[in-house]
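Asks: Here's the letter readout for the chains.
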Amino acid sequence: NAGVTQTPKFRVLKTGQSMTLLCAQDMNHEYMYWYRQDPGMGLRLIHYSVGEGTTAKGEVPDGYNVSRLKKQNFLLGLESAAPSQTSVYFCASSFGTGPSYEQYFGPGTRLTVT
Amino acid sequence: LAKTTQPISMDSYEGQEVNITCSHNNIATNDYITWYQQFPSQGPRFIIQGYKTKVTNEVASLFIPADRKSSTLSLPRVSLSDTAVYYCLVGDTRDDKIIFGKGTRLHILP
Numbered sequence: 003n004a005g006v007t008q009t010p011k012f013r014v015l016k017t018g019q020s021m022t023l024l025c026a027q028d029m030n031h032e033y034m035y036w037y038r039q040d041p042g043m044g045l046r047l048i049h050y051s052v053g054e055g056t057t058a059k060g061e062v063p064d065g066y067n068v069s070r071l072k073k074q075n076f077l078l079g080l081e082s083a084a085p086s087q088t089s090v091y092f093c094a095s096s097f098g099t100g101p102s103y104e105q106y107f108g109p110g111t112r113l114t115v116t
Numbered sequence: 004l005a006k007t008t009q010p011i012s013m014d015s016y017e018g019q020e021v022n023i024t025c026s027h028n029n030i031a032t033n034d035y036i037t038w039y040q041q042f043p044s045q046g047p048r049f050i051i052q053g054y055k056t057k058v059t060n061e062v063a064s065l066f067i068p069a070d071r072k073s074s075t076l077s078l079p080r081v082s083l084s085d086t087a088v089y090y091c092l093v094g095d096t097r098d099d100k101i102i103f104g105k106g107t108r109l110h111i112l113p
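Residue numbers (my numbering), protein chains in the order written: chain A, 3 to 116; chain B, 4 to 113.
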């Protein structure tokens with residue numbers, strides 16, 4: 003049982019390049035989330051999904067797109083990377099919705115955009 | 004989602020008990036109080052959750068007064084490895100997402 007895994011762990015992009023971050027969970031969770039965390043800051047929600055085939059915007063969705071084609075996977079895409087997107091990205095999943103359900107986090111992806 | 008307020012940072016020494024208080028004046032009847040811990044370079048992890056009175060597990064205790072407008076996370080006999088950021092969250096299943104604030108940065112000194 004791997005829990006929540008993220009691919010890749012590190013990535014460096016040039017401004018304007020695109021990339022996709024993959025999140026996978028093996029706990030059969032309905033809910034999945036993408037957060038970003040900037041140095042010294044808390045987590046900010048980018049997008050989330052309440053089930054296969056669904057996505058919704060979080061606090062900071064601009065510049066990102068997501069897809070949830072399979073229940074176990076949640077993809078985060080950057081179509082045209084900008085230096086402001088340099089951050090650590092965390093994926094999480096949960097059985098139910100809201101703070102009363104435990105969220106399980108992945109190890110993070112450290113992205114640098116130059 | 005109820006707004007929460009917690010100290011930005013705290014320092015303590017090894018072996019002491021640490022109490023981190025979170026204010027949530029507009030907590031709703033159905034809301035639970037949840038705390039997460041985040042070590043450097045790792046994702047947050049759930050540590051404890053409660054609704055009222057006191058909850059204790061192997062990691063921490065959570066004290067919630069009768070009016071539920073605040074809560075206190077208590078870490079007994081901390082060690083250097085308890086250095087982390089602690090987040091207080093309030094909400095229930097009607098909330099389809101969690102909003103993390105900046106949390107409390109706890110620094111344990113030798």
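Hints were generated in silico from the structure; no laboratory data involved. Ideal Cβ positions, reconstructed from N, Cα and C, are used throughout, including at glycine. Do not take every clue at face value.
Said to hold, decoys possible - Here chain B is said to cover these stretches of chain A; the calculated rule only asks that three of the stretch's residues, wherever they fall, bring their Cβ under 8 Å from a Cβ of chain B: (1) 19 to 28; (2) 76 to 89; (3) 107 to 115.
Stated by the list, open to error - No farther apart than 20 Å at their CA atoms in a straight line, the calculated lysine to aspartate or glutamate pairs in the EDC-like style are these: (4) B:Lys6 - A:Glu32; (5) B:Lys105 - A:Glu32; (6) A:Lys59 - B:Asp14; (7) B:Lys105 - A:Glu61; (8) B:Lys55 - A:Glu61; (9) B:Lys72 - A:Glu61; (10) A:Lys16 - A:Glu32; (11) A:Lys59 - A:Glu32; (12) B:Lys105 - B:Asp85; (13) B:Lys55 - B:Asp70; (14) A:Lys16 - A:Asp64; (15) B:Lys6 - A:Asp64; (16) B:Lys57 - A:Glu104; (17) B:Lys105 - B:Asp14.
Asks: So, for every hint listed, does it hold in this structure?
Replies: Checked hints:
{"no.": "1", "hint": "19 to 28", "in the structure": "violated (count 0)"}
{"no.": "2", "hint": "76 to 89", "in the structure": "violated (count 0)"}
{"no.": "3", "hint": "107 to 115", "in the structure": "holds (count 4)"}
{"no.": "4", "hint": "B:Lys6 - A:Glu32", "in the structure": "violated, 26 Å"}
{"no.": "5", "hint": "B:Lys105 - A:Glu32", "in the structure": "violated, 26 Å"}
{"no.": "6", "hint": "A:Lys59 - B:Asp14", "in the structure": "violated, 36 Å"}
{"no.": "7", "hint": "B:Lys105 - A:Glu61", "in the structure": "holds, 14 Å"}
{"no.": "8", "hint": "B:Lys55 - A:Glu61", "in the structure": "violated, 29 Å"}
{"no.": "9", "hint": "B:Lys72 - A:Glu61", "in the structure": "violated, 25 Å"}
{"no.": "10", "hint": "A:Lys16 - A:Glu32", "in the structure": "violated, 34 Å"}
{"no.": "11", "hint": "A:Lys59 - A:Glu32", "in the structure": "holds, 16 Å"}
{"no.": "12", "hint": "B:Lys105 - B:Asp85", "in the structure": "holds, 17 Å"}
{"no.": "13", "hint": "B:Lys55 - B:Asp70", "in the structure": "holds, 9 Å"}
{"no.": "14", "hint": "A:Lys16 - A:Asp64", "in the structure": "holds, 18 Å"}
{"no.": "15", "hint": "B:Lys6 - A:Asp64", "in the structure": "violated, 24 Å"}
{"no.": "16", "hint": "B:Lys57 - A:Glu104", "in the structure": "holds, 19 Å"}
{"no.": "17", "hint": "B:Lys105 - B:Asp14", "in the structure": "holds, 16 Å"}
When held up to the earlier numbered hints, the structure conflicts with 1, 2, 4, 5, 6, 8, 9, 10, 15 and fits the remainder.
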